[in-house]
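Undergrad: Chain by chain, the residues run as shown.
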Amino acid sequence: MQLDRALAEDAAYHVNLDVFEGPLDLLLHLIRSQELDIYDIPIARITDQYLQYLARMEELNIALAAEFVVMASTLIFIKSKMLLPAEPRGQEEDGEWEDPRAELVEQLLEHEKFKNAAQMLFSRETVELSVWGRGENEFEQEEKEMVSATVFDVIKAFHLMVERFKEQIVLEVESETVTVEQKLGELRRMLTVQREFRFSIFFEKRISRLHLIVTLIALLELVRLREVRLHQVGLFEDIRIAAC
Amino acid sequence: MLNPELPSQLLAVLFASPEPVTLAELGEVFPGLEDGELEKALDQLRSDFNRQVQALEIRKVAGGFRITTRPEYHDVVRAYLKTRPSAKLSLPALETLAVIAYKQPVTLPEIMDIRGIKSTSTIRTLLEKKLIETRGRKKVVGRPIMYGTTREFLVHFGLEDLSELPTLEEFQEILAETE
Amino acid sequence: MLNPELPSQLLAVLFASPEPVTLAELGEVFPGLEDGELEKALDQLRSDFNRQVQALEIRKVAGGFRITTRPEYHDVVRAYLKTRPSAKLSLPALETLAVIAYKQPVTLPEIMDIRGIKSTSTIRTLLEKKLIETRGRKKVVGRPIMYGTTREFLVHFGLEDLSELPTLEEFQEILAETE
Numbered sequence: 001m002q003l004d005r006a007l008a009e010d011a012a013y014h015v016n017l018d019v020f021e022g023p024l025d026l027l028l029h030l031i032r033s034q035e036l037d038i039y040d041i042p043i044a045r046i047t048d049q050y051l052q053y054l055a056r057m058e059e060l061n062i063a064l065a066a067e068f069v070v071m072a073s074t075l076i077f078i079k080s081k082m083l084l085p086a087e088p089r090g091q092e093e094d095g096e097w098e099d100p101r102a103e104l105v106e107q108l109l110e111h112e113k114f115k116n117a118a119q120m121l122f123s124r125e126t127v128e129l130s131v132w133g134r135g136e137n138e139f140e141q142e143e144k145e146m147v148s149a150t151v152f153d154v155i156k157a158f159h160l161m162v163e164r165f166k167e168q169i170v171l172e173v174e175s176e177t178v179t180v181e182q183k184l185g186e187l188r189r190m191l192t193v194q195r196e197f198r199f200s201i202f203f204e205k206r207i208s209r210l211h212l213i214v215t216l217i218a219l220l221e222l223v224r225l226r227e228v229r230l231h232q233v234g235l236f237e238d239i240r241i242a243a244c
Numbered sequence: 001m002l003n004p005e006l007p008s009q010l011l012a013v014l015f016a017s018p019e020p021v022t023l024a025e026l027g028e029v030f031p032g033l034e035d036g037e038l039e040k041a042l043d044q045l046r047s048d049f050n051r052q053v054q055a056l057e058i059r060k061v062a063g064g065f066r067i068t069t070r071p072e073y074h075d076v077v078r079a080y081l082k083t084r085p086s087a088k089l090s091l092p093a094l095e096t097l098a099v100i101a102y103k104q105p106v107t108l109p110e111i112m113d114i115r116g117i118k119s120t121s122t123i124r125t126l127l128e129k130k131l132i133e134t135r136g137r138k139k140v141v142g143r144p145i146m147y148g149t150t151r152e153f154l155v156h157f158g159l160e161d162l163s164e165l166p167t168l169e170e171f172q173e174i175l176a177e178t179e
Numbered sequence: 001m002l003n004p005e006l007p008s009q010l011l012a013v014l015f016a017s018p019e020p021v022t023l024a025e026l027g028e029v030f031p032g033l034e035d036g037e038l039e040k041a042l043d044q045l046r047s048d049f050n051r052q053v054q055a056l057e058i059r060k061v062a063g064g065f066r067i068t069t070r071p072e073y074h075d076v077v078r079a080y081l082k083t084r085p086s087a088k089l090s091l092p093a094l095e096t097l098a099v100i101a102y103k104q105p106v107t108l109p110e111i112m113d114i115r116g117i118k119s120t121s122t123i124r125t126l127l128e129k130k131l132i133e134t135r136g137r138k139k140v141v142g143r144p145i146m147y148g149t150t151r152e153f154l155v156h157f158g159l160e161d162l163s164e165l166p167t168l169e170e171f172q173e174i175l176a177e178t179e
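Protein chains in written order, with this note's numbering: chain A, 1 to 244; chain B, 1 to 179; chain C, 1 to 179.
Wrong hints could be hidden among the right ones.
To spell it out: a stretch of chain B is covered by chain C in this simulated footprint if at least three of its residues, at any positions, have a beta carbon under 8 Å from a beta carbon of chain C; those stretches are [said to hold, decoys possible]:
hint, region
1, 46 to 59
2, 69 to 77
3, 151 to 160
30 Å max Cα-Cα, derived DSSO-like pairs, lysine-lysine [stated by the list, open to error]:
hint, chain 1, residue 1, chain 2, residue 2
4, A, K113, C, K139
5, B, K138, A, K166
6, C, K129, A, K115
7, B, K88, A, K166
8, C, K103, A, K113
9, C, K118, C, K138
10, C, K139, B, K130
11, A, K113, A, K79
12, C, K129, B, K88
13, C, K103, C, K129
14, B, K82, C, K82
15, B, K88, C, K138
16, C, K40, B, K82
17, C, K118, C, K60
18, B, K60, B, K88
19, C, K60, A, K115
20, B, K129, C, K40
21, C, K82, C, K129
22, A, K113, C, K88
23, A, K166, C, K118
24, C, K103, C, K82
25, C, K130, B, K82
26, C, K88, C, K60
27, C, K60, B, K88
28, C, K118, A, K81
29, B, K130, C, K138
30, C, K40, B, K130
Between beta-carbon pairs, the in silico distance windows are [what the hints assert, rightly or not]:
hint, chain 1, residue 1, chain 2, residue 2, range
31, A, L160, C, P144, 22 to 28 Å
32, C, D43, B, L162, 22 to 28 Å
33, A, S208, C, K139, 47 to 53 Å
34, B, P18, A, F77, 25 to 31 Å
35, A, P100, C, D75, 51 to 57 Å
36, C, A79, B, E160, 33 to 39 Å
37, A, S73, B, E152, 47 to 53 Å
Hints were generated in silico from the structure; no laboratory data involved.
Cβ coordinates follow ideal geometry from the N, Cα and C atoms, glycine included.
Please take these sequences and the hints and turn them into a complete structure.
TA: Structural data, given as structure tokens:
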């Protein structure tokens with residue numbers, strides 16, 4: 001999306017709405033597109049432009065990440081500090097005035113380096129995408145579909161399983177008949193999702209009497225199998241069920 | 001006149017193709033050629049390539065043309081393929097491994113309960129790959145064998161110890177991102 | 001004396017492998033060679049092959065060797081495979097990747113500090129594409145997970161190794177301002 005309207009009256013520049021990945025991106029754009037000296041940022045002007053951009057986004061109902069708001073307050077803070085006269089530093093001999101913008105400038109310069117590095121990766125990728133390795137035969141492609149597993153694959157597999165039984169748990173509460181074995185499986189799955197839970201959730205779940213009784217039997221079985229521990233934090237506290 | 005680039009272009013296509021390439025397919029990629037030009041370029045490519053490159057050859061097989069290693073070199077190729085470790089896991093094996101990694105020590109019935117599926121064969125695969133090991137028996141009825149991950153598992157996944165495995169809570173945000 | 005067959009044998013192996021083959025892997029396939037013999041044979045193979053075969057080249061990538069088509073032939077190959085230019089990484093993903101490549105091993109909060117914005121969805125994409133991987137935990141309070149780039153990262157960007165990346169200082173914008 002392109003905004004064809006200048007955001008600020010004092011400079012005829014245009015802001016391309018879709019390119020700002022974060023507040024640092026926006027600030028760098030404001031500074032570089034107006035050819036401002038990054039080591040001497042006119043903070044009042046930049047703050048105004050920054051806030052106008054945020055206001056414009058709000059008008060257009062475009063949700064901005066929370067980081068944009070945090071940066072707005074940082075800018076306002078720096079601006080107010082700039083207005084104060086430099087604090088006298090009697091004791092310090094080399095008492096140099098500390099520029100309130102210094103930290104931000106450093107952050108911007110660091111960020112800019114990585115933006116440029118990203119451009120380098122982009123052009124390398126473009127070249128690399130124009131070459132091909134030997135065409136892989138069916139057997140190799142099949143092999144490729146197997147996971148040459150990383151830590152991420154392991155946790156993802158675990159995550160997907162957990163998501164799967166979150167759905168199952170809801171379903172099983174509804175069923176009419178129930179066995180201790182079913183409940184054992186259900187409890188084990190719950191303990192996988194959460195290492196510990198409160199005893200009272202069985203009452204909150206509004207399950208039938210039959211389910212409740214079978215659940216209790218299964219729970220005692222797990223205690224006997226030493227898969228769970230029951231403990232109570234205080235006298236009238238809820239009993240907690242924890243995986244061993 | 002034969003386009004002098006044509007043989008090389010044909011080679012690039014043969015190399016990148018996963019299957020033998022037919023004349024008809026090549027005709028589509030290089031339209032507007034004169035009759036016989038493609039065949040001529042292919043002939044030239046074959047004779048040049050097969051003369052210059054000892055280890056490979058362009059062969060006409062049932063479906064079309066393809067590059068293969070020459071039979072004399074099959075032994076070295078086989079020797080190489082044998083050295084390649086197959087660290088690859090099927091999805092069920094990965095799932096079982098995940099249960100064991102996060103719930104260890106854990107017994108087969110427990111794994112089955114969590115996965116909702118019989119897991120005997122994947123356990124065997126993981127034992128063979130030395131990613132898991134037995135950890136004695138659980139002191140309950142039936143005394144089922146318990147399983148845990150091995151040192152090999154840590155090495156394979158570049159972990160110093162088990163505490164380096166990310167927890168579900170930590171990865172919640174990353175895993176919740178849908179693409 | 002250099003085994004005159006060695007360069008061709010190496011070519012057969014490079015051709016057979018779907019991934020870059022490292023010197024160490026080649027050492028396993030050809031045991032008992034003298035010091036430097038393998039490197040010499042590889043050098044000879046590369047110079048002969050790259051001179052004789054116009055459409056292909058042997059390149060050093062990710063600490064190994066692989067054969068690819070040359071970039072000049074991408075039009076014909078694409079026309080044959082009927083692929084569109086493959087999906088490139090988004091700019092945010094490239095930026096996150098740049099931070100990880102230069103600062104590795106690096107934690108999520110550190111990445112966020114540099115980028116000025118939360119990066120969970122790009123992290124997810126990069127993990128899925130196996131361009132980055134977890135690298136244990138940082139020994140600070142909270143023990144956050146660290147990330148680093150993978151071998152696949154090197155292959156994707158055609159890098160021999162990480163040292164081939166320009167230094168970060170080279171990306172400092174030249175100051176246009178008058179002093």
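Undergrad: Can the restraint linking K129(B) and K40(C) be considered satisfied, given a maximum Cα separation of 30 Å?
TA: violated (36 Å)
Undergrad: Does the structure keep K113(A) and K79(A) at a Cα separation of 30 Å or less?
TA: Holds - the C-alpha atoms of K79(A) and K113(A) are around 25 Å apart, at most 30 Å.
Undergrad: With the threshold set at 30 Å, check whether the alpha-carbon distance from K88(C) to K60(C) stays at or below it.
TA: holds (22 Å)
Undergrad: Decide if the proposed pair is consistent with the structure: K88(B) and K166(A), CA atoms, cutoff 30 Å inclusive.
TA: holds (28 Å)
Undergrad: Between K118(C) and K60(C), does the CA-CA distance stay at or below 30 Å?
TA: violated (35 Å)
Undergrad: Between K103(C) and K113(A), does the CA-CA distance stay at or below 30 Å?
TA: holds (12 Å)
Undergrad: Per the hint of 25 to 31 Å, is the separation of the Cβ atoms of P18(B) and F77(A) within bounds?
TA: violated (59 Å)
Undergrad: Between the alpha carbons of K40(C) and K130(B), is the straight-line distance 30 Å or under?
TA: violated (37 Å)
Undergrad: Is the Cα-Cα distance between K103(C) and K82(C) 30 Å or less?
TA: violated (38 Å)
Undergrad: Could you check the hint for me, namely that P100(A) and D75(C) are 51 to 57 Å apart, CB to CB?
TA: holds (55 Å)
Undergrad: Taking 30 Å as the top limit, are the C-alpha atoms of K103(C) and K129(C) close enough?
TA: Cα-Cα ~19 Å, so holds.
Undergrad: When you check the alpha-carbon spacing of K129(C) and K88(B), does it fall within 30 Å?
TA: Holds: K129(C) and K88(B) sit about 16 Å apart, inside 30 Å.
Figure legend: structure checked against the earlier numbered hints; hints not met, in rising order: 14, 17, 18, 20, 24, 30, 32, 34 and 36.
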